[in-house]
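With chain C fixed as given, assemble chain H onto it according to the hints.
Protein chains: 2
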Amino acid sequence: MKTNPTTHHARRLVLAAVAAGVACVAATPHAEAQTGRRRRGADQEAKAVELTPEQVAQLTKVANARKLNAEDLVAAAKTYTPSGRHDEYVLFSSGGQSGQVFAIGVPSMRLLRSISVFTPESWQGYGFSGDADPVQESLKIMGRPVLWGDTHHPALSETKGDYDGQFLFIGDKANARLGVIDLRDWETKQIVKNPLTISDHGAAFVTPDTDYVIEGGQYATVLGYGYAPPEEYKKLYRGMVTLWKFDRAKGRIDESQSFALELPPYWQDLADAGKVASDGFFFINSFNSEMATGGVEHGNPPFEAGASKRDMDYLHIIDWRKAEAAFKAGKAEKINGFPVLMLPTLVEGGVLHFAPEPKSPHGVDVTPDGKYMVVAGKLDPHVTVYSIDRIKRAIADKKYSGSDDYGVPVLDFDAVKEAQVELGLGPLHTQFDDKGYAYTSLFLDSAVARWSLGGETGAKAPEGPWKLVHKTPVQYNIGHLCAAEGDTVSPDGNHLISMSKWSVDRFLPTGPLLPQNFQLLDIGESGTTMPVVYDLPIGVGEPHYCQMIKADKLGSWKVYPEIGWNPHHQRLDPSAPKKGDEGVTRNGNKVLVKMTAVRSHFVPEHVELNEGDEVTWRITAMETAQDATHGFCIGAYNINLSLEPGEFTEFRFVADRPGTYPFYCTEFCSALHLEMMGYMHVKPRSGASKPASE
Amino acid sequence: MKTNPTTHHARRLVLAAVAAGVACVAATPHAEAQTGRRRRGADQEAKAVELTPEQVAQLTKVANARKLNAEDLVAAAKTYTPSGRHDEYVLFSSGGQSGQVFAIGVPSMRLLRSISVFTPESWQGYGFSGDADPVQESLKIMGRPVLWGDTHHPALSETKGDYDGQFLFIGDKANARLGVIDLRDWETKQIVKNPLTISDHGAAFVTPDTDYVIEGGQYATVLGYGYAPPEEYKKLYRGMVTLWKFDRAKGRIDESQSFALELPPYWQDLADAGKVASDGFFFINSFNSEMATGGVEHGNPPFEAGASKRDMDYLHIIDWRKAEAAFKAGKAEKINGFPVLMLPTLVEGGVLHFAPEPKSPHGVDVTPDGKYMVVAGKLDPHVTVYSIDRIKRAIADKKYSGSDDYGVPVLDFDAVKEAQVELGLGPLHTQFDDKGYAYTSLFLDSAVARWSLGGETGAKAPEGPWKLVHKTPVQYNIGHLCAAEGDTVSPDGNHLISMSKWSVDRFLPTGPLLPQNFQLLDIGESGTTMPVVYDLPIGVGEPHYCQMIKADKLGSWKVYPEIGWNPHHQRLDPSAPKKGDEGVTRNGNKVLVKMTAVRSHFVPEHVELNEGDEVTWRITAMETAQDATHGFCIGAYNINLSLEPGEFTEFRFVADRPGTYPFYCTEFCSALHLEMMGYMHVKPRSGASKPASE
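These protein sequence lines are chains C and H, in that order.
Numbered according to numbering that gives the first Met the number 0, the first sequence spans residues 0 to 693.
Numbered according to numbering that gives the first Met the number 0, the second sequence spans residues 0 to 693.
The following block holds chain C by itself, in its conformation from the complex (with noise of 0.2 Å):
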């Protein structure tokens, strides 16, 4: 294949390198990668194939190997990524009960990187920076740690409601809680506790500028962390939605900006935010607006049941302009600190309209032109498709058929429903391609579901509005889908994944705990050609949702723009150690460590500390390579830190516990990676050295 690019002259340096013993060492093959060797995309791009009778004979051999027919090798020819060649697309998923974020290569369906979130990980040296650690702090809830999250919608920030590929925001389901991932750097900035609730669901969505983040609630509490007991429910138990204000400048949730609306205690769901005809709405749907209380241990029925009684449950409809204007005239109260619009503030303002949604919905979706919502009501066959002018008449026209009991007017269900299409078993979720379809998953049936959608963006598809054109079977129990940008005002179409709750047998068995299976599905065609290409298993948590960008639109670093980069504030630190800043000083029991680490060595390389020492700890990270990553840890310290190519950290710990602790590098950054080492010395009280015999 590639032929080997050392040079004569790159083995003379190496071994003058060598023989010197200096630190060059391992830089050499990099630079000679960066430089020397072009991508291999690049050298093929004109050419077009014409397969040759023997490399037909070839190919036919090894497929007969492998059992393998022509199907099949057409779906490895459109997965398969040779070596340098990169993916089309990026899908960033939801890690699921992990906390974190995956982002996964499409077409070629490879696992590209985690992003620690809510889940310390020590890779990314993420959370293990000693005392006071800020990642730690930062998930602290009522100032206990709680160091997991559970997932579930990652939200790409939007301009004019297509991806920017700026800014990446995921919710916890348990914590009810949200992070802020920079994509330049791929790290998580913020994390913000929601001070109503103590988990949610609906978390995160955002409206088409990113002006706010929207974080739904599912079960119903007593707002404010409060406690009642079940026989209160109806009367304290609230359902809520918060508006996040995003501060795109600061990359930051302004959280002085946000507030929440008071919702009745149904179990508020999945949203989504209105766009182009219906900017500035969003949609959330509900179940369990039978207002259930279990108790399956007292005879009664359980949740699944008595959440699933009534035929129809409410689609929110709430004018998000309104209550953002309601907030700015001070019509909120305070709950636990929090701003609030109470409901009668909501009900009297036009804030918050329901519509009937049959039966149990667990997603909401709008159509990339914005003029239809498209909900599906997991125990009915059917998707109801709602339109945005038929919303806004029948709201102008008070057009009711009553209201609930929490007095919010419910819109009569004929007057704003455009169609209903039946697709089969346990209809979930809604994507959209570029070619007038939308796909819906079936979880019972365990199938992506193809329909055309009507009006001007439906008029692209053959079939005329609102068919069932195809069902393609899926490997098993898919939960929700995702097709390229496909819940943007810009689907690209071509690919689409089935995230697959259930596996079974699908892979090697891996003990009793199997992984997740996403399943590529090429849509590249129109009609009822749409066939899996590839099995993806998820063996590194549970994805819920994900969303898939064009990689082109994101612009990420290779390296830290300059040396001494603090990650977190994203600027030049002025604390940074430069090269001939580094050692060790004292201030009574306050000791600073001032150290660069480049390959393959840290300066300085024994720290003497005192039993008891309060260390300040300061390292940047020297080197300008891409992909020059050095680690750094102490043993039995519970420090380590992921040290990419400019970056600068800070942590501290007191050495309570004395002996002599190697500190290395835990990256493999060069030959002599291995050497990359020191020792951290902390002197006894009693001052005396420990013999190794004693």
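Hints listed in this document are in silico derivations from the structure and should not be mistaken for laboratory results.
A couple of the hints might just be wrong.
One copy or two, it doesn't matter: identical chains are merged, so the pair holds either way.
What the hints assert, rightly or not - Simulated crosslink set (EDC-like; lysine to aspartate or glutamate; CA at most 20 Å straight-line):
hint: 1; residue 1: K549; residue 2: D181
hint: 2; residue 1: K549; residue 2: D130
hint: 3; residue 1: K321; residue 2: E231
hint: 4; residue 1: K234; residue 2: E607
hint: 5; residue 1: K60; residue 2: D86
hint: 6; residue 1: K557; residue 2: D612
Small disclaimer: the values here were computed from a predicted structure and weren't measured.
For chain H alone, kept in the frame of chain C given last:
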């Protein structure tokens, strides 16, 4: 492709269930998946493919659209594994400073599952079960939590030098710990902390029948976590190797039958156990026989230079049966309570010999027949091959070239050396195939070298003994490599993994922190054909070493053997709640919760507590279907469990924060999964309900 097996009968059944609002809704498609659908592989076994011109045209069209050439299509065919077809091998890889183990299918190169070992991981419920969590307890060092590890070398258990698929051991370099994984349920069962040293490197390696798990050291220190300043390095710092006795019946290391060997303060590195011809020995290489102590901050050469000055370091040759006899004869002294055979005992008893080895070696690898030890000096372009016959003869004849500073006899280099083979720059590690070849990683060359062995084993290679045959470039900076069963008595050949440490331009940029690159090489043919056929980004850690086992050797459980199984003890637990047992009982402020979990509800659904209650909570997962896993979390209490089919779990906590806390199932288990929840009501000491607007 596949047809949808939703029968009319299934549809009626499900609709009836929905109508009744009962629990079994989602069990249906799963049962159907297991019984109604055949594995795809089975359908095709008899058919041989012949590509029609139309199929070739279709393939060519896809290839041209994606700019693939014929070679790419062949590589795709060698690796692509259609839905439902299982991989041939499982690669168990260390996860580096992620602290975990990764299982990857070969040849598809898909990450099947991570296994948590040293770092708590919430998806697996590993380390998130409240107060006194057994994982968190087992990870404490000197009474403090050390919640990450730097996993380096996995070791599959062996019988007669061959993988038996029963257990996997993994070392934590940063904290000198060993993890024991049971491959029936793929869970970590034991963490052992080395009592002599803070950090290590050369773990884990097993003797041919897994009598012992070898944990070699690395950075010399004062044994027993002692303190001494660097000036006392030669006098008080020491290396070590520990032999952990493995009790296969119990599936645990027996610490009471384990012991260590004191070694000079060279940096012992990797180990390999002898086998067949060399059974009873093991070998460790070393570097920094210079005993450099660094100190670049004082103008000394940094460790990387100081530890690389000498032309020769010491291969450690250890007769472990003699060591075991000396330990059993009571010749060990105690350090930090642990028995250690001191250097004079080792020298006197003929347990330890040295052989010179060029220069800062990184790996020592025993050939499948046990006859040869291959040492790769990372700063020497050769591999040096030693013969066990020569070693035994030299020991018998006392062919010494002298002894080191600690009195250890050094065998004459020429007397023990069988061959040296020049391979290229930066040779590190060696593996073997079934065709008489060895494969050595070349870090600085970024290549895998294939070379022929000597002796009977090497006679299969047509090139003659001890010859470099071919080098395949890899991208970039390969560390370890791994061939199928390539470090056992019977390697399989076929597949080889290059664990390339840098990926640079191979994948889409993922911020400044990039994945590693596992490259699959097809080594099925002899001679100079050895192409790279797949690049797998590893963006969840930085793996160091891996082993590849034939999948059919693994006897993984699909579900736990009985309902109420305690995975920690691998037996039915009498405390596991049964159906009908459920409830909450109170004794003063001590509360016992007995719960069952089944699709899709918990029993009970309400748990009423008082602030300050000490809670013991037991859950039995009542499921018996493969993949019917439930989760269980309590928001804000830092609790998340993975309840695999049949599993029993107990956890404890103090209900010290009043409020109303939803608990819910964190695995998407059925269509009514979101309804699988309940409330924990913690009544405040004041006793009052807290209204929403307070």
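Hint check results:
1. K549 - D181: The answer is within: 17 Å in one copy meets 20 Å, while 42 Å across copies does not.
2. K549 - D130: The answer is neither: 40 Å in one copy and 45 Å across copies each exceed 20 Å.
3. K321 - E231: neither (31 Å within a copy, 74 Å between copies)
4. K234 - E607: between (63 Å within a copy, 19 Å between copies)
5. K60 - D86: Intra 28 Å, inter 19 Å, cutoff 20 Å: inter-copy only.
6. K557 - D612: neither (37 Å within a copy, 52 Å between copies)
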